[in-house]
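Using our numbering, you'd call the opening residue of the sequence shown number 40 and step up by one each time.
Treat the hints as calculated values from the structure; they're not laboratory data. Glycine included, each C-beta is placed from N, C-alpha and C at the ideal position.
Ranges of calculated distance between the beta carbons of each label pair, as one might list FRET restraints:
1) L826 <-> A380: 30 to 38 Å
2) K229 <-> I136: 58 to 66 Å
3) L571 <-> R712: 28 to 36 Å
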Amino acid sequence: MAIVAACPGAHTNAWRPDRQRNQIVRLMQLTHRARTKQCGGPPHRGAHRFQRLAMRWSSQQAWEGLTQSNSAVFLVWRLHMTQTRRLWLGLSVLLVISFAVLLWAGSEIFRVAPPVPERVITDQKTVVYTRADIERGRQVWQSIGGMQLGSIWGHGGYVAPDWSADWLHRESMEMLDQWARSDGADGYAKLDPEAQARLRGRLQAQMRRNTYDASTGTITLTEERASAIASVAAHYVSLFGNDPATATLREAYAMRNDTVATLEHRQKLTAFIWWTAWAAATERPDASANTPAASPPDMPANRVTYTNNWPSEPLIGNSPPPSLWVWSAFSVTFLLAGIAALGWHHAVTHDREEVQQALPQTDPFAALQVTPSMRATAKYFWIVLALFLVQILLGAITAHYQVEGQQAYGFAISQYLPYSITRTWHTQLAVLWIAVAWLGTGLYIAPALSGHEPAFQRLGVNVLFGCLLIIVVGSFAGQWLAVMQKLGLEHNFWFGHQGWEYADMGRFWQWFLFAGLLIWLCLVGRALWPVLSGPATDTKSIVGLMFLSTVAIGLFFGSALMWNEHTHISEVEYWRWWLVHLWVEGFFEVFATAVMALIFTRLGLVHARSATIAVLFATIIFMSGGVLGTLHHLYFIGTPTAVVALGASFSALEVVPLAYIGFEAYQTWKYGRATPWMARYRWPILFFVAVSFWNLVGAGLFGFLINPPLSLYYMQGLNLTPLHGHTALFGVYGMLGIALVLFCLRGLKGQMYWDVGALKFSFWALNIGLVLMALPTLLPLGTLQLLAAIEHGYAYARSAEFMQRPIIDLLIWMRVPGDVIFSFGALALAWFVCRLWIAPRPESAELEKTEET
Numbered sequence: 040m041a042i043v044a045a046c047p048g049a050h051t052n053a054w055r056p057d058r059q060r061n062q063i064v065r066l067m068q069l070t071h072r073a074r075t076k077q078c079g080g081p082p083h084r085g086a087h088r089f090q091r092l093a094m095r096w097s098s099q100q101a102w103e104g105l106t107q108s109n110s111a112v113f114l115v116w117r118l119h120m121t122q123t124r125r126l127w128l129g130l131s132v133l134l135v136i137s138f139a140v141l142l143w144a145g146s147e148i149f150r151v152a153p154p155v156p157e158r159v160i161t162d163q164k165t166v167v168y169t170r171a172d173i174e175r176g177r178q179v180w181q182s183i184g185g186m187q188l189g190s191i192w193g194h195g196g197y198v199a200p201d202w203s204a205d206w207l208h209r210e211s212m213e214m215l216d217q218w219a220r221s222d223g224a225d226g227y228a229k230l231d232p233e234a235q236a237r238l239r240g241r242l243q244a245q246m247r248r249n250t251y252d253a254s255t256g257t258i259t260l261t262e263e264r265a266s267a268i269a270s271v272a273a274h275y276v277s278l279f280g281n282d283p284a285t286a287t288l289r290e291a292y293a294m295r296n297d298t299v300a301t302l303e304h305r306q307k308l309t310a311f312i313w314w315t316a317w318a319a320a321t322e323r324p325d326a327s328a329n330t331p332a333a334s335p336p337d338m339p340a341n342r343v344t345y346t347n348n349w350p351s352e353p354l355i356g357n358s359p360p361p362s363l364w365v366w367s368a369f370s371v372t373f374l375l376a377g378i379a380a381l382g383w384h385h386a387v388t389h390d391r392e393e394v395q396q397a398l399p400q401t402d403p404f405a406a407l408q409v410t411p412s413m414r415a416t417a418k419y420f421w422i423v424l425a426l427f428l429v430q431i432l433l434g435a436i437t438a439h440y441q442v443e444g445q446q447a448y449g450f451a452i453s454q455y456l457p458y459s460i461t462r463t464w465h466t467q468l469a470v471l472w473i474a475v476a477w478l479g480t481g482l483y484i485a486p487a488l489s490g491h492e493p494a495f496q497r498l499g500v501n502v503l504f505g506c507l508l509i510i511v512v513g514s515f516a517g518q519w520l521a522v523m524q525k526l527g528l529e530h531n532f533w534f535g536h537q538g539w540e541y542a543d544m545g546r547f548w549q550w551f552l553f554a555g556l557l558i559w560l561c562l563v564g565r566a567l568w569p570v571l572s573g574p575a576t577d578t579k580s581i582v583g584l585m586f587l588s589t590v591a592i593g594l595f596f597g598s599a600l601m602w603n604e605h606t607h608i609s610e611v612e613y614w615r616w617w618l619v620h621l622w623v624e625g626f627f628e629v630f631a632t633a634v635m636a637l638i639f640t641r642l643g644l645v646h647a648r649s650a651t652i653a654v655l656f657a658t659i660i661f662m663s664g665g666v667l668g669t670l671h672h673l674y675f676i677g678t679p680t681a682v683v684a685l686g687a688s689f690s691a692l693e694v695v696p697l698a699y700i701g702f703e704a705y706q707t708w709k710y711g712r713a714t715p716w717m718a719r720y721r722w723p724i725l726f727f728v729a730v731s732f733w734n735l736v737g738a739g740l741f742g743f744l745i746n747p748p749l750s751l752y753y754m755q756g757l758n759l760t761p762l763h764g765h766t767a768l769f770g771v772y773g774m775l776g777i778a779l780v781l782f783c784l785r786g787l788k789g790q791m792y793w794d795v796g797a798l799k800f801s802f803w804a805l806n807i808g809l810v811l812m813a814l815p816t817l818l819p820l821g822t823l824q825l826l827a828a829i830e831h832g833y834a835y836a837r838s839a840e841f842m843q844r845p846i847i848d849l850l851i852w853m854r855v856p857g858d859v860i861f862s863f864g865a866l867a868l869a870w871f872v873c874r875l876w877i878a879p880r881p882e883s884a885e886l887e888k889t890e891e892t
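Could you put the whole structure together from the sequences, leaning on the hints where they help?
Right, dumping it as structure tokens:
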């Protein structure tokens with residue numbers, strides 16, 4: 040109970056009324072102050088009642104009556120626990136409502152998603168494509184890496200084009216050229232502006248008209264459009280094969296020769312890509328309902344396509360609809376309102392008097408008894424470093440593909456490690472090594488908190504480690520076989536490459552990983568069970584929050600199992616972002632917040648009660664925007680306007696707490712200087728400070744740069760997206776994973792001397808390298824693409840014509856210094872950790888040597 044810390048002996052037979060009275064009166068006075076405005080205003084309602092109670096309890100006679108029934112202890116404990124209970128209740132209500140709305144939004148997305156036709160025919164009844172062709176083409180697309188080679192609807196890689204936008208532009212140009220030639224011109228480009236405008240109007244009417252018949256499942260096209268489709272399909276068959284005519288383009292797109300092995304599969308692939316372009320060009324039924332404003336009689340209604348007019352394509356009139364402008368403006372308004380509200384809360388609460396924490400004279404963790412299962416977690420931290428280094432190597436190879444599309448300094452690397460494989464492994468390892476760092480931290484910290492080592496806990500830790508290794512090796516091998524076209528489409532979904540960014544591994548390996556996470560959940564839970572089931576303590580709520588986030592991490596990975604091989608792409612995207620946004624960016628962050636709070640309370644740097652309230656409040660603030668903020672990833676996958684509005688509003692609230700991240704950074708820095716022995720934790724603390732910095736810059740500034748609907752309409756899939764991705768994923772979650780690893784290593788190797796020179800170099804090299812990756816390359820490159828997309832359309836901004844310009848090559852080469860510095864920082868970190876085991880030096884011996892010197 041909260042009262043125990045301030046009233047030692049309250050639950051013993053040695054009851055001392057005078058001493059206990061003074062302590063409880065002091066607690067009542069503190070409660071009164073906490074409920075009274077400190078800036079000169081009147082007290083909150085009920086503050087005078089608290090003061091009268093404290094005064095009444097100060098009288099000896101009243102005190103003796105109360106202490107006989109122990110009601111004083113109960114009432115004060117109740118006062119301190121009431122706020123915690125309210126926060127728990129608020130968090131519970133928030134999550135129930137948020138997930139209810141998120142599920143409703145999913146049902147709306149599924150309801151209005153672009154239909155997959157049974158047949159695509161011409162007005163002369165000639166069959167162009169069938170549903171089987173489209174489904175088979177999607178399987179082919181997934182087997183070659185899917186989103187890792189180019190993108191669909193803006194989601195995926197950045198070197199090859201967005202295939203939806205590319206097909207849409209090529210088909211439009213083919214029809215315009217056909218009509219121009221039929222009018223006697225050499226092509227559309229040779230016509231005068233008036234004639235071009237006339238043909239664009241004709242094209243817009245034909246491309247945007249929705250001819251889907253729901254009763255028969257048929258899309259009907261004109262013969263001239265079918266001819267244009269055949270011409271574009273021939274280009275794609277050539278591109279994904281080994282035709283010398285498109286060799287230069289393959290190199291620009293970082294595609295290996297014979298990306299798709301057979302002619303039949305290349306032809307099926309064109310059906311799927313055409314369908315994604317059709318959805319981007321075709322107006323929804325009743326699309327004028329997109330805005331409640333009635334159209335004037337003399338003006339056409341502003342109608343939208345299935346993808347909310349994405350991508351920007353001037354030829355067919357694809358431009359941002361009014362709803363994107365409106366909800367982008369509201370998004371900024373909600374952001375400013377949220378910052379103002381949180382600022383008011385901080386101004387009201389930050390000056391309140393707090394009980395000074397008596398800091399320990401020595402490091403509390405120095406006397407920690409390391410159990411066998413805790414010691415067994417060391418291998419997790421070794422594998423974290425190994426995966427981190429491999430991820431950096433693969434990132435360097437992937438980046439080099441932008442310069443030499445098929446080779447690496449003369450070596451034909453694309454024939455052995457194609458771009459889609461190196462990018463797949465690079466992105467997957469980014470999540471895997473960070474996740475393993477947090478999994479290892481959970482396994483280490485649980486017995487440390489409870490002091491309880493369950494039976495066979497070490498065996499469970501070792502078994503889980505073996506499972507993780509099998510999953511990494513097995514899933515990566517399956518992906519390589521799939522991309523090299525050696526696995527076969529019939530086995531690809533289960534054992535190969537699913538093609539969904541960050542959810543690429545085959546379904547068998549996803550089930551295996553889900554089982555491993557459930558094992559982890561059980562291991563952490565059984566170690567924490569004595570705390571969770573024991574009597575109330577100051578930190579029980581934080582431990583409970585940590586355990587609930589552990590449960591959520593284990594269970595929410597199940598969102599990756601919610602789709603099957605032929606589930607509609609809009610539904611897959613919905614569940615995929617549950618995995619990426621909620622699993623990685625949501626519950627892992629809650630877990631890390633709880634772990635950090637427990638570390639600081641166990642170090643004696645912060646009151647457990649204050650930490651409990653702060654963690655619960657921070658979780659409420661984060662999750663208030665975090666859950667429904669998932670929807671901002673889904674603006675252009677067939678999403679209705681109401682869902683766009685929700686995503687725009689709540690994704691803005693995600694950024695609100697980051698505006699005050701400087702306070703968190705300063706408080707963390709203060710902890711590092713609180714006592715002399717905290718010097719042992721200087722560099723883990725500084726990595727925590729770096730987390731705060733990159734939270735503000737990477738997640739906050741660069742995140743909100745692309746979050747509003749109007750911004751994302753143009754920026755999705757441009758290099759401003761990886762600008763946010765790199766600085767947020769590594770800057771926040773990577774730095775946090777490293778900080779947690781270092782804290783655990785301080786416990787595992789607490790009596791060993793830490794040569795912090797390597798850590799210092801690693802810290803600064805990683806941060807400076809990340810800055811040099813972002814600012815000289817990704818930011819200017821993304822900005823140039825953005826200007827091109829606004830002026831000429833999205834397809835041009837992603838085209839080889841634009842991306843092969845000399846200025847783009849220069850910007851890509853400018854990234855090299857940052858990559859090199861960053862890599863040396865990672866090597867220094869690995870060297871530091873290796874020396875703790877390879878060449879350990881006792882801390883006492885180093886101290887003696889220093890004293891002699």
